[in-house]
Amino acid sequence: MNRAEMHRTDRRCARAALAAGLAVGLSASTAAARPPAARWEPPRRLAETGLYSDAARHVVSPGVLPYEPQYPLWTDGARKRRWIRLPPGAFIDGSDPDGWVFPVGTRLWKEFAWGRRVETRYMELGRDWVWHFATYVWNEDQSDATLAPERGLVAAHEFRSGVWHDVPGRADCLTCHEGGRARVLGFNALQLSPDRDPGAPGAATPTPAAVDLRRLAEMGLVRGLPPAALEHPPRIEAPTARARAALGYLQANCGVCHNSSGPLSSLGLSLEYPLATRSTAPPPAVETTVGRASRFRLPAAGGEDGLRIAPGDPERSVLLRRMVSRNPIVQMPPLGTHAVDEQAAALVSEWIRLDLVPGRSSATQLTRKEEGR
Amino acid sequence: MKRIPKWIALGGAGFLAAFSSPAAAGNERQVARGKYLVTAMGCNDCHTPLKMGPRGPEPDMSRMLSGHPQELVMPPAPKLPEGPWAFVVGGTMTAWSGPWGVSFSANLTPDRETGLGTWTVQNFIEALRTGRHMGRGRPILPPMPYQMISTLTDADLQAVFGYLKTIPPIRNQVPSPVPPAEVPTARAQ
Numbered sequence: 001m002n003r004a005e006m007h008r009t010d011r012r013c014a015r016a017a018l019a020a021g022l023a024v025g026l027s028a029s030t031a032a033a034r035p036p037a038a039r040w041e042p043p044r045r046l047a048e049t050g051l052y053s054d055a056a057r058h059v060v061s062p063g064v065l066p067y068e069p070q071y072p073l074w075t076d077g078a079r080k081r082r083w084i085r086l087p088p089g090a091f092i093d094g095s096d097p098d099g100w101v102f103p104v105g106t107r108l109w110k111e112f113a114w115g116r117r118v119e120t121r122y123m124e125l126g127r128d129w130v131w132h133f134a135t136y137v138w139n140e141d142q143s144d145a146t147l148a149p150e151r152g153l154v155a156a157h158e159f160r161s162g163v164w165h166d167v168p169g170r171a172d173c174l175t176c177h178e179g180g181r182a183r184v185l186g187f188n189a190l191q192l193s194p195d196r197d198p199g200a201p202g203a204a205t206p207t208p209a210a211v212d213l214r215r216l217a218e219m220g221l222v223r224g225l226p227p228a229a230l231e232h233p234p235r236i237e238a239p240t241a242r243a244r245a246a247l248g249y250l251q252a253n254c255g256v257c258h259n260s261s262g263p264l265s266s267l268g269l270s271l272e273y274p275l276a277t278r279s280t281a282p283p284p285a286v287e288t289t290v291g292r293a294s295r296f297r298l299p300a301a302g303g304e305d306g307l308r309i310a311p312g313d314p315e316r317s318v319l320l321r322r323m324v325s326r327n328p329i330v331q332m333p334p335l336g337t338h339a340v341d342e343q344a345a346a347l348v349s350e351w352i353r354l355d356l357v358p359g360r361s362s363a364t365q366l367t368r369k370e371e372g373r
Numbered sequence: 001m002k003r004i005p006k007w008i009a010l011g012g013a014g015f016l017a018a019f020s021s022p023a024a025a026g027n028e029r030q031v032a033r034g035k036y037l038v039t040a041m042g043c044n045d046c047h048t049p050l051k052m053g054p055r056g057p058e059p060d061m062s063r064m065l066s067g068h069p070q071e072l073v074m075p076p077a078p079k080l081p082e083g084p085w086a087f088v089v090g091g092t093m094t095a096w097s098g099p100w101g102v103s104f105s106a107n108l109t110p111d112r113e114t115g116l117g118t119w120t121v122q123n124f125i126e127a128l129r130t131g132r133h134m135g136r137g138r139p140i141l142p143p144m145p146y147q148m149i150s151t152l153t154d155a156d157l158q159a160v161f162g163y164l165k166t167i168p169p170i171r172n173q174v175p176s177p178v179p180p181a182e183v184p185t186a187r188a189q
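Chains as they are written, first to last, in this note's numbering: chain A, 1 to 373; chain B, 1 to 189.
Source of the hints: derived by calculation from the structure; they are not laboratory data. Heads up, some of the hints might be wrong.
Where chain B lies over chain A, by a calculated footprint (3+ residues, C-beta under 8 Å) [claimed, not checked]:
1) 171-180
2) 309-318
3) 323-334
Listing some non-contacts, in silico: residues in chain B with all C-beta distances to chain A over 12 Å [stated by the list, open to error]:
4) Thr39
5) Gly53
6) Met64
7) Leu80
8) Glu82
9) Glu113
10) Glu126
11) Ala127
12) Leu141
13) Pro143
14) Gln173
15) Ser176
16) Pro179
Heads up, the beta-carbon is just placed ideally off N, CA and C, and yes, glycines get one too.
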């Protein structure tokens with residue numbers, strides 16, 4: 001390269017470098033000046049979301065598929081029905097078992113009923129790749145469901161004498177749905193595994209029409225699954241059936257916020273069950289809880305330091321104590337429920353008492369098969 | 001001496017001029033803005049404990065914004081007689097008893113174990129927007145006026161958090177709140 005060519009090259013590089021430097025440096029300030037994205041306006045009525053082909057008779061539209069997660073979220077004993085609809089020709093990228101990528105236009109619905117329909121929650125992936133949330137409240141004669149206020153609806157339904165269900169506001173939706181990597185919480189490889197956990201608290205038997213992982217793959221609606229996902233469907237590996245069910249319950253009901261990737265990751269408390277990084281070591285729900293100090297002081301303990309899980313001792317385990325409280329300051333989960341999940345509390349209590357061994361480190365818990373326990 | 005190629009020098013200058021210096025200056029402005037907001041909004045009123053000085057109670061600035069002192073174990077709050085009096089507050093202004101239970105002012109210093117040291121700006125903003133601990137947990141209790149603070153812009157909340165990250169960390173484990181059902185009550189004398 002002669003001197004003139006070097007000079008030209010220098011000038012080109014200089015322009016590129018300056019442009020890059022300025023672009024990077026200015027991006028922060030211009031970002032602030034960008035106009036906000038157009039506000040999503042949810043349909044005013046559930047019937048306008050595309051769930052039903054005949055709303056008056058609650059006939060679900062063709063292409064709207066029912067599904068049944070194996071570890072359901074506890075919502076005070078509500079009977080739930082769930083559906084998903086993908087745009088025609090679209091599919092889910094299932095190559096990451098912990099982070100399915102949904103196509104733009106995906107819609108999901110979840111209906112909550114206590115004897116009668118009370119609310120149906122709706123989420124939709126917009127063209128801007130932002131998930132939008134809305135909730136519809138059913139009228140008394142069950143003929144229609146209309147959009148709930150953005151702040152939700154307190155005391156919307158008395159599901160038990162003196163105990164009322166609150167319809168969540170939009171911020172409440174985001175509390176859980178933005179608590180980790182996945183925005184869709186009950187529709188993933190583990191939840192839809194055909195190798196269902198018979199001990200899962202509150203689980204319903206899927207209807208024949210309900211889609212699971214295998215069916216979704218056959219229909220081409222989930223693609224890119226690791227081959228092993230169908231040969232050996234995902235399941236929680238645990239030495240006992242009780243441990244499997246407890247870990248499953250915790251990942252579905254607690255792990256959506258308490259995980260290693262979301263806004264609360266700094267707590268160092270992870271109750272998720274990641275499929276991609278599984279090893280023979282105890283799962284995070286054991287590793288980050290057993291024998292670990294809790295920052296939360298239980299009032300009844302006189303403010304003494306407690307353990308998240310005291311192996312063999314449910315009474316001293318802050319995790320369980322908060323599960324069985326419905327005092328707003330103490331309870332876990334902190335929203336979405338006003339009644340204790342007694343079945344799950346008994347399961348987790350027994351798991352702590354019988355499966356977790358006092359004196360063992362968290363790293364050596366749940367590593368042996370203990371038949372008959 | 002070997003010359004630095006012009007494109008490297010110009011590119012570096014571009015980065016320095018467009019990114020580093022304004023960022024540093026912007027950071028200073030942000031911290032100053034945060035200090036102004038924290039001071040003007042009265043955060044110290046409850047988050048810096050009062051001590052008794054020669055002219056009466058005054059903020060103990062050696063404990064600036066570190067919340068209710070951990071060594072000050074509060075006895076049960078006196079039970080108030082029926083009537084319009086509803087709340088009781090400790091002399092430090094960091095412990096409050098009312099219908100919600102007993103609440104203690106939080107440690108806002110950047111101490112990693114007991115303060116906001118491990119919080120992210122997202123945790124901070126979401127907490128003040130939602131009124132929930134870390135934006136997801138238990139309700140933030142009275143008398144914390146999060147409803148008023150939630151009206152600040154994101155930029156102002158970022159400034160407040162940016163300033164709080166610069167103050168001296170103080171190790172002080174504030175007690176957890178006490179729910180009403182658990183409050184042991186003492187009879188008024």
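Evaluated hints:
{"no.": "1", "hint": "171-180", "verdict": "holds (count 3)"}
{"no.": "2", "hint": "309-318", "verdict": "violated (count 0)"}
{"no.": "3", "hint": "323-334", "verdict": "holds (count 6)"}
{"no.": "4", "hint": "Thr39", "verdict": "holds, 25 Å"}
{"no.": "5", "hint": "Gly53", "verdict": "holds, 29 Å"}
{"no.": "6", "hint": "Met64", "verdict": "holds, 22 Å"}
{"no.": "7", "hint": "Leu80", "verdict": "holds, 20 Å"}
{"no.": "8", "hint": "Glu82", "verdict": "holds, 24 Å"}
{"no.": "9", "hint": "Glu113", "verdict": "violated, 9 Å"}
{"no.": "10", "hint": "Glu126", "verdict": "violated, 7 Å"}
{"no.": "11", "hint": "Ala127", "verdict": "violated, 10 Å"}
{"no.": "12", "hint": "Leu141", "verdict": "violated, 7 Å"}
{"no.": "13", "hint": "Pro143", "verdict": "holds, 15 Å"}
{"no.": "14", "hint": "Gln173", "verdict": "violated, 9 Å"}
{"no.": "15", "hint": "Ser176", "verdict": "violated, 4 Å"}
{"no.": "16", "hint": "Pro179", "verdict": "violated, 4 Å"}
When each numbered hint is compared with the structure, violations occur for hints 2, 9, 10, 11, 12, 14, 15 and 16.
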